[in-house]
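Just so we're aligned, residue 1 is where the sequence shown starts under the working numbering, counting upward by one.
In short, the hints are calculated from the structure, not lab data. A virtual CB, placed ideally from N, CA and C, is assigned to each residue, including glycine. It cannot be assumed that every hint is accurate.
Straight-line C-alpha distance at most 25 angstroms; calculated SDA-like pairs for lysine to any residue [to be verified]: (1) 53 <-> 72; (2) 53 <-> 86; (3) 52 <-> 41; (4) 53 <-> 145; (5) 53 <-> 153; (6) 53 <-> 251; (7) 53 <-> 129; (8) 52 <-> 89; (9) 53 <-> 13; (10) 52 <-> 105; (11) 52 <-> 115.
Label-pair restraints from in silico Cβ distances [to be verified]: (12) 166 <-> 142: 49 to 59 angstroms; (13) 5 <-> 67: 51 to 61 angstroms; (14) 29 <-> 3: 36 to 46 angstroms; (15) 8 <-> 261: 53 to 63 angstroms; (16) 148 <-> 224: 44 to 54 angstroms; (17) 261 <-> 151: 46 to 56 angstroms; (18) 88 <-> 166: 49 to 59 angstroms; (19) 240 <-> 23: 51 to 61 angstroms; (20) 170 <-> 240: 17 to 27 angstroms; (21) 153 <-> 236: 51 to 61 angstroms; (22) 70 <-> 176: 48 to 58 angstroms; (23) 25 <-> 149: 51 to 61 angstroms; (24) 70 <-> 224: 45 to 55 angstroms; (25) 88 <-> 3: 30 to 40 angstroms.
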Amino acid sequence: MPTLDMNHWQTGIARVVSNEQEEEILVRGEPLSELIGQLSFAGMMFLLLQGKKPSAAQSRVLDALLVASMEHGIAPPSMVSRCFASYGTNIQAAVGAGILSFGDRMGGLGEQLARLMVERLDATGVEPAGLSDARLRREAAGVVEQARSSGTRVPGYGIPLHGRDPRAPQVLEIARAEGTFGVYCRFAVCIEEALASQRGGRAVPMNLDGVSAAIILDLGFSWQSTRLFLLTPRSVSMGAHFLEEQSQDSSWRHIPADEIDYLGPQAPTARSAG
């Protein structure tokens, strides 16, 4: 591999054109002035990440996913944003802090499932689109058994706040209606069925993380990009929570002392005067 010249930058994403003949910004070769008003936010995200404009169906499905991912109440990221508002910080610091609160246990499960599905299907040696439902069911059973034997959970299934994630079925239904319900959505459903079978018929439904993983893979995105489809819309939510908290004129959000249990050593008892 040739050594990268660290003093030189290369990009195929965008170029600013400014000369006597033209003032333009090219995005993946497309004039931005022509995209404005013609391409939706979801479509622009697709273009930036994949280097091509989406079909109308792909744009609608991606837009549905972004809308579904935008809000989930005062969850940890929005709580962090609200805390920052109460400390007098600015909005970009609050949103940035909320984004930084996403990790492998919250917000990263979609990426974990996307990677798992890609690596599992790649290991078959067959082009994923050519895999039969029977083969997908076998692979799904293998995923569930591997999780059971290792004492782990399959990421992207089950949700603490709901018996069934109310957002997930709708996004999948839109993908079906728009014709983007592909092999990864099929595989994700097979995993859901395998989990239920392992638990004697008790459902462990896909959550939005799981749906996001399947949807973005079927739309042609890489598993490495999965978190973007949560962080991007949720940043708007964190901004809204920041502004609301700011309007409430709160100050110094903190954990009340009576909700904190001290587990350290006690102070030594004072010796009696003798």
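Can the suggested window of 49 to 59 angstroms be confirmed for the beta-carbon pair residue 88 and residue 166? About 36 angstroms separates the Cβ atoms of residue 88 and residue 166, which means 49 to 59 angstroms is violated.
Taking the Cβ atom of residue 8 and the Cβ atom of residue 261, is their distance within the range 53 to 63 angstroms? Taking Cβ atoms as reference, residue 8 and residue 261 lie about 56 angstroms apart, which means the hint holds.
Would the hint linking residue 53 and residue 145 be met if the CA-CA limit is 25 angstroms? Distance of about 39 angstroms is beyond 25 angstroms: violated.
Given the proposed pairing of residue 52 with residue 89, does the C-alpha separation stay at or below 25 angstroms? Since the Cα atoms of residue 52 and residue 89 sit roughly 38 angstroms apart, the hinted pair is violated (cutoff 25 angstroms).
Assuming the hint says 51 to 61 angstroms, is it satisfied by the Cβ distance from residue 5 to residue 67 or not? Because 42 angstroms falls outside the window, the suggested range is violated.
Is the gap between the beta carbons of residue 240 and residue 23 within 51 to 61 angstroms? violated (35 angstroms)
Quick check: does the Cβ-Cβ distance between residue 25 and residue 149 fall within 51 to 61 angstroms? holds (53 angstroms)
Run the distance test for residue 53 versus residue 86: straight-line Cα separation, threshold 25 angstroms. violated (41 angstroms)
What's the verdict on residue 53 and residue 72, does the C-alpha distance respect the 25 angstroms limit or exceed it? Given that 25 angstroms is the threshold and the Cα spacing comes to 29 angstroms, the pair is violated.
Can the restraint linking residue 53 and residue 153 be considered satisfied, given a maximum Cα separation of 25 angstroms? With Cα atoms ~36 angstroms apart, residue 53 and residue 153 exceed 25 angstroms; violated.
Quickly compare the C-alpha distance for residue 52 and residue 41 to 25 angstroms and report which way the hint goes. holds (14 angstroms)
Is 45 to 55 angstroms a correct range for the gap between the Cβ atoms of residue 70 and residue 224? The hinted range 45 to 55 angstroms is violated for residue 70 and residue 224, with Cβ atoms some 22 angstroms apart.
Hints 1, 2, 4, 5, 6, 8, 10, 12, 13, 14, 16, 17, 18, 19, 21, 22, 24, 25 from the list above are not met by this structure, while the remaining hints are.
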